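*Asks:* Chains as they are written, first to last, in my numbering: chain A, 385 to 698; chain B, 385 to 698.
Quick caveat, the hints were computed from the structure, so don't treat them as lab data. As the structure is a computational prediction, the values presented were derived from the model and not from experiment. Cβ atoms here follow ideal geometry from the backbone N, Cα and C, with glycine treated the same way. The reader is advised that the hints may include incorrect statements.
What the hints assert, rightly or not - DSBU-like mimics (lysine-lysine), calculated; alpha carbons at most 35 Å apart, straight line:
1) B:540 with A:539
2) B:533 with B:676
3) A:562 with A:604
4) B:599 with B:611
5) B:539 with A:540
6) B:611 with A:663
7) A:562 with B:604
Unchecked claim - So these bits of chain A aren't anywhere near chain B, every CB distance computed over 10 Å:
8) 445
9) 463
10) 487
11) 535
12) 576
13) 626
14) 653
15) 659
16) 666
17) 685
If you want the building blocks of each chain, they are given just below.
Protein chains: 2
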Amino acid sequence: MYQIGVDIGGTNIKIGLVDDQLNIVRRSSIPFPHLDGAAVAAQIAAECRRLTEAQGCGMEAVDSVGVIVPGSIDPTGAVVLNAYNLGFHNVPLRAQLQEAFGGTPVFLANDADGAGLAELGRGAFVGCQTAVLFTLGTGVGGGLILGGKMFSGGKKQGVELGHMPLVAGGEACTCGNKGCIEAYCSATAIARDGVRAMEAHPDSLLAARAGGDPKAVDAKLVIDCAKEGDPAAKAVFDAFIDHLGSACIAMIHLLDPEVIAIGGGVCGAGEFLFEPLRKNVDAKCFFSDHAKIVPAVMGNDAGMIGAAMLSRNA
Amino acid sequence: MYQIGVDIGGTNIKIGLVDDQLNIVRRSSIPFPHLDGAAVAAQIAAECRRLTEAQGCGMEAVDSVGVIVPGSIDPTGAVVLNAYNLGFHNVPLRAQLQEAFGGTPVFLANDADGAGLAELGRGAFVGCQTAVLFTLGTGVGGGLILGGKMFSGGKKQGVELGHMPLVAGGEACTCGNKGCIEAYCSATAIARDGVRAMEAHPDSLLAARAGGDPKAVDAKLVIDCAKEGDPAAKAVFDAFIDHLGSACIAMIHLLDPEVIAIGGGVCGAGEFLFEPLRKNVDAKCFFSDHAKIVPAVMGNDAGMIGAAMLSRNA
Chain A
385 MYQIGVDIGG TNIKIGLVDD QLNIVRRSSI PFPHLDGAAV AAQIAAECRR
435 LTEAQGCGME AVDSVGVIVP GSIDPTGAVV LNAYNLGFHN VPLRAQLQEA
485 FGGTPVFLAN DADGAGLAEL GRGAFVGCQT AVLFTLGTGV GGGLILGGKM
535 FSGGKKQGVE LGHMPLVAGG EACTCGNKGC IEAYCSATAI ARDGVRAMEA
585 HPDSLLAARA GGDPKAVDAK LVIDCAKEGD PAAKAVFDAF IDHLGSACIA
635 MIHLLDPEVI AIGGGVCGAG EFLFEPLRKN VDAKCFFSDH AKIVPAVMGN
685 DAGMIGAAML SRNA
Chain B
385 MYQIGVDIGG TNIKIGLVDD QLNIVRRSSI PFPHLDGAAV AAQIAAECRR
435 LTEAQGCGME AVDSVGVIVP GSIDPTGAVV LNAYNLGFHN VPLRAQLQEA
485 FGGTPVFLAN DADGAGLAEL GRGAFVGCQT AVLFTLGTGV GGGLILGGKM
535 FSGGKKQGVE LGHMPLVAGG EACTCGNKGC IEAYCSATAI ARDGVRAMEA
585 HPDSLLAARA GGDPKAVDAK LVIDCAKEGD PAAKAVFDAF IDHLGSACIA
635 MIHLLDPEVI AIGGGVCGAG EFLFEPLRKN VDAKCFFSDH AKIVPAVMGN
685 DAGMIGAAML SRNA
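Just chain A, with the same shape it has in the complex:
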């Protein structure tokens, strides 16, 4: 039997037909139609039928459909509470999908949870009982594996690890609080500090590369300039590593996980990031033996694979 994993994003809906070894045997992508939940559900179901027909098996070879969305889900796993990029607010998407799919059971989850589940199935968390995923992007998302399963919060309201205080009272966060992990460890935070560094050091490589334009400063530029030895950019990068190390320490001292995986575009920096990060964590850690800190490996397929795994996690 196959499972179908559907990764709904604000631009595209990615659909994968996934086998028992978690390989995507056939895939498809359709534009996100910006319609209501029922219409979106109908388009997804139609595309899934085409996909299984192309595979020569039909929907009767699919025993479950998992769908992830970039937003918050209600504790029963039925309603998308808020998915801003989709324009979905209090949308009963599971019922709408179930209607569109007929008898095949449908599961719904948050994209960060799906990413953690994909790492558990085929990535950095294989065999783990306790693991933490940080996804560093515009914000900081993540997933938690506890007891060898995806954990969606004790009251099933989700895991918001980007909004744990890291420097309580510090930098303003998009959530309205001050000093969240997201306000220090996101790509957005690196860019913010890069702009400040450029303004404080107009003669820096960073300032030259950006042509003095704050809009030209993003996390990649800061990291590239740090790699080339620019002191202004390096100071921003070092502060980022120190904060990310503290975020890892929060997880280690609380949960003592086997693995911490870090994903998102910033990880393109590779060992330039991971080597100083591991040193930073070693220096702060209590335990003689602590979590391995590794890159997340599932990349763009994480959503489809995690979604396809929702039935087995349930």
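Dock chain B against the given chain A, drawing on the hints supplied.
*Replies:* Only chain B this time, still in chain A's reference frame:
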């Protein structure tokens, strides 16, 4: 059948004979002898025999003995790695106790874990699947309930929630890091900030009560003066509440627990503490519905009851 719970402290060893409803039906206390592990184990076993004889049942009515110590335990639950107050370092205490107790199975755990377990058995966490205990004292300890059981870390190295970064880079902590929860939320932290407030405000009620003597400033004095409206003490207390609220938010946004319980002497402040703490957490929380924040209820018997529960948690 009964279980015996033993709470080893640097001053006394408390022993309770505990029934299936987790009532302590008979109790005893002996001075901690400051001897080696084997000698301490022998004294504990001898006192347990006296206790069961006094109950008229003998050790054959006891199906397990649980022992908690104020220190770190190795991942197998056999060796006390470091218990500074006991002078125990790498002491194979479980084997020594097992030798002294003969056939009755012996379990060993950290005191913070025992306290969390006691709340689960008979206190603030009854019926919970996910819960967090903060114990505020000289340091900040705590326990974690996950999946309805005591959680001792993914790699069984313990839960060190007092050493999660809260204001990364902030106040020095005893552990060598900067800005741990312990450095902001312990009774010691309140006293430290009380001394600073007294020195900055020599005309304050706090300064008058302490007679200008830093040694006279402890958490209780700061809280008492805050209650009486002293602005200097109130500012210290308000900052403490804000930090403790942020520590609660870290737990809520990560684990979304059903209950957060707060124990330790500081909680003697009662609603003077809990009412502003709940308001602080409400204001910072993402979720429409979040963990109840309540006082820990097990008090001085927590150690014995938690210890007696170790066999059923295993």
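*Asks:* Hint by hint, which ones does the structure fall short of?
*Replies:* Checked against the structure, the hints that fail are numbers 6, 11, 13, while the rest are satisfied.
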